[in-house]
Amino acid sequence: MIAGSTGRRASADGGAGAATADADDRVSEVRERAWAAASRVVDPELPMLTLVDLGVLRGIEVGDDGAVVAAITPTYSGCPAMATMRDDLLRELQDAGFADARIRIALDPAWTSDWITPEGRAALAAAGISPPGAAPRREGPVAVRLLPTRRAVRCPQCGSEDVALSSEFGSTACKAMYRCLACREPFDHVKEI
Amino acid sequence: MADVRTHEPDAHDSVYAGLLGSDAHWAFGTDFEDPLAGVDTTVPAGVEPAALAAYCLMLGDDALVLSHRISEWCSRAPDLEEDIALANIALDLLGQARLLLARAAAADPGIVPALPEGSPVPDEDRLAFFREDDRFRNVRLAEVPNGDFAETIVRILLFSVARAALFSRLAGSRDAVLAAVAVKGGKELAYHGDFAGRWFVTLARGTEESRRRLLAALDGLWPLWPEVLTTHPVERAVAEAGVGVDPADVRAEVDAALDAVLAAAGVERPDRAPLAGVRGRTGRDGCHTEALSRMLAEMQVVARAHPRGLW
Numbered sequence: 001m002i003a004g005s006t007g008r009r010a011s012a013d014g015g016a017g018a019a020t021a022d023a024d025d026r027v028s029e030v031r032e033r034a035w036a037a038a039s040r041v042v043d044p045e046l047p048m049l050t051l052v053d054l055g056v057l058r059g060i061e062v063g064d065d066g067a068v069v070a071a072i073t074p075t076y077s078g079c080p081a082m083a084t085m086r087d088d089l090l091r092e093l094q095d096a097g098f099a100d101a102r103i104r105i106a107l108d109p110a111w112t113s114d115w116i117t118p119e120g121r122a123a124l125a126a127a128g129i130s131p132p133g134a135a136p137r138r139e140g141p142v143a144v145r146l147l148p149t150r151r152a153v154r155c156p157q158c159g160s161e162d163v164a165l166s167s168e169f170g171s172t173a174c175k176a177m178y179r180c181l182a183c184r185e186p187f188d189h190v191k192e193i
Numbered sequence: 194m195a196d197v198r199t200h201e202p203d204a205h206d207s208v209y210a211g212l213l214g215s216d217a218h219w220a221f222g223t224d225f226e227d228p229l230a231g232v233d234t235t236v237p238a239g240v241e242p243a244a245l246a247a248y249c250l251m252l253g254d255d256a257l258v259l260s261h262r263i264s265e266w267c268s269r270a271p272d273l274e275e276d277i278a279l280a281n282i283a284l285d286l287l288g289q290a291r292l293l294l295a296r297a298a299a300a301d302p303g304i305v306p307a308l309p310e311g312s313p314v315p316d317e318d319r320l321a322f323f324r325e326d327d328r329f330r331n332v333r334l335a336e337v338p339n340g341d342f343a344e345t346i347v348r349i350l351l352f353s354v355a356r357a358a359l360f361s362r363l364a365g366s367r368d369a370v371l372a373a374v375a376v377k378g379g380k381e382l383a384y385h386g387d388f389a390g391r392w393f394v395t396l397a398r399g400t401e402e403s404r405r406r407l408l409a410a411l412d413g414l415w416p417l418w419p420e421v422l423t424t425h426p427v428e429r430a431v432a433e434a435g436v437g438v439d440p441a442d443v444r445a446e447v448d449a450a451l452d453a454v455l456a457a458a459g460v461e462r463p464d465r466a467p468l469a470g471v472r473g474r475t476g477r478d479g480c481h482t483e484a485l486s487r488m489l490a491e492m493q494v495v496a497r498a499h500p501r502g503l504w
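So the sequences go chain by chain: A and B. Residue 122 in this note's numbering sits at position 122 of the first sequence, with consecutive numbering throughout. Residue 352 in this note's numbering sits at position 159 of the second sequence, with consecutive numbering throughout.
So here's chain A without its partners, still in its complex pose (with noise of 0.2 Å):
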């Protein structure tokens, strides 16, 4: 589930009233404009996707003083991708007036590929990468999965379900390789973590 436009610091203990009613609505109005700009990002690796698409951008706060702050998530630990990720997204922010927008990272909760959303999931079918499964829930005592992976996994370029595990790795921390053995061409999965 995305958090969307959620978390803010704006105070909220300046009593009721009118005045504290307009701080929440502009703290609410910069706090929309800020996410509407963010989430005009795409991953630099998968440019199908936005980082809201992806699961990545986790919230947009916005500071007592204003300040905007945008928290993200790794989608691995070793993710390249996390300072072009700050760098598009400070440069959209600033293009759209927060001069002084910050970038956080988030790493609680873990990121999980279940997160990348419907539009995302067609995005990448339709860029010809197969979209992840449910993630697995490992519970219990740790163990070592003996038998391949089994992925209800179909071609993304001509939909056959006749395909072959090439490596549980990829071009990318968050993909593997197939085969199709229908079409024989070779395409992405996004893992499922």
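Part of the chain B face toward chain A, derived, beta carbon under 8 Å:
| id | residue |
| --- | --- |
| 1 | Pro228 |
| 2 | Leu229 |
| 3 | Leu284 |
| 4 | Leu287 |
| 5 | Val354 |
| 6 | Ala358 |
| 7 | Ala369 |
| 8 | Ala373 |
| 9 | Val376 |
| 10 | Lys377 |
| 11 | Val394 |
| 12 | Val454 |
| 13 | Ala457 |
Only some residues are given here: those of chain A computed to face chain B with a beta carbon under 10 Å:
| id | residue |
| --- | --- |
| 14 | Cys79 |
| 15 | Ala135 |
| 16 | Arg138 |
| 17 | Leu147 |
| 18 | Ser166 |
| 19 | Ile193 |
Which chain A residues stay away from chain B? Per the calculated CB distances, all over 10 Å, these:
| id | residue |
| --- | --- |
| 20 | Ala18 |
| 21 | Ser28 |
| 22 | Gly66 |
| 23 | Ala67 |
| 24 | Ala96 |
| 25 | Thr117 |
| 26 | Ala126 |
| 27 | Gly128 |
| 28 | Gly133 |
| 29 | Arg151 |
| 30 | Glu185 |
I should point out that these hints are in silico values taken from the structure, not numbers from a laboratory. Note that the Cβ used here is the ideal one computed from N, Cα and C, for glycine as well.
Given the coordinates of chain A, work out where chain B should sit on it, guided by the hints.
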């Protein structure tokens, strides 16, 4: 000649065009000026900052050193798919190391090597590139030189199973940063363990030669295995403080997971004595094999030549 354009220019046309602030993207790590930007790094009440930092170094150095060893396979693995797999595993471990070293530095800034005034090198990189070998606290399993592909598979299996079990408990740490790193890293390690476990069985049940190599690898690494699950006083202290995990507490679980793989592979546990330390001191105490010094010499040489380098 006509101007050929395949698409409308955008911010990603040049890798340099979109950079703001600094262009320190290329030499160290995966750059985010601070991998814990905006994260609350307050040390929980009742926890000794030095002990928490030492513990984070132990976990972080394990990940860093093993990541480096695995990355040595880049362009040299048996086939392209395995090359990519090993590079991905190394990258995940490097990311975990970066967060853990940054957490160590934030808990106790006193452990971070001093560099010339004005050096732009961030704390986690100072720890990685400017510490001597006897300050590294990784287990020796992580540092021994690479053998063949079977040796790397066995090493990844042993490490991933132990670390995944540890992280599943560390997810309940009173230290919010360690807990978050453990939840995230645990999913990655489970994936690495699955990959290594499948190759372990494939090699064991493959050809006579693949089985011979797998057994030799297991036999060779087995003396280094007990150190991974032996409790160090620092681990005991952080476990008692509720921020760390005593590896003895996951031993039974790890043994069971490993035995299941060995059984599927038709392989017995080797009968090999643990590699002794020096007067009881092992990797966790900074007492390493010569291989770590050689590895660090190569890993650190460029950074040490340019302590003020802006990359």
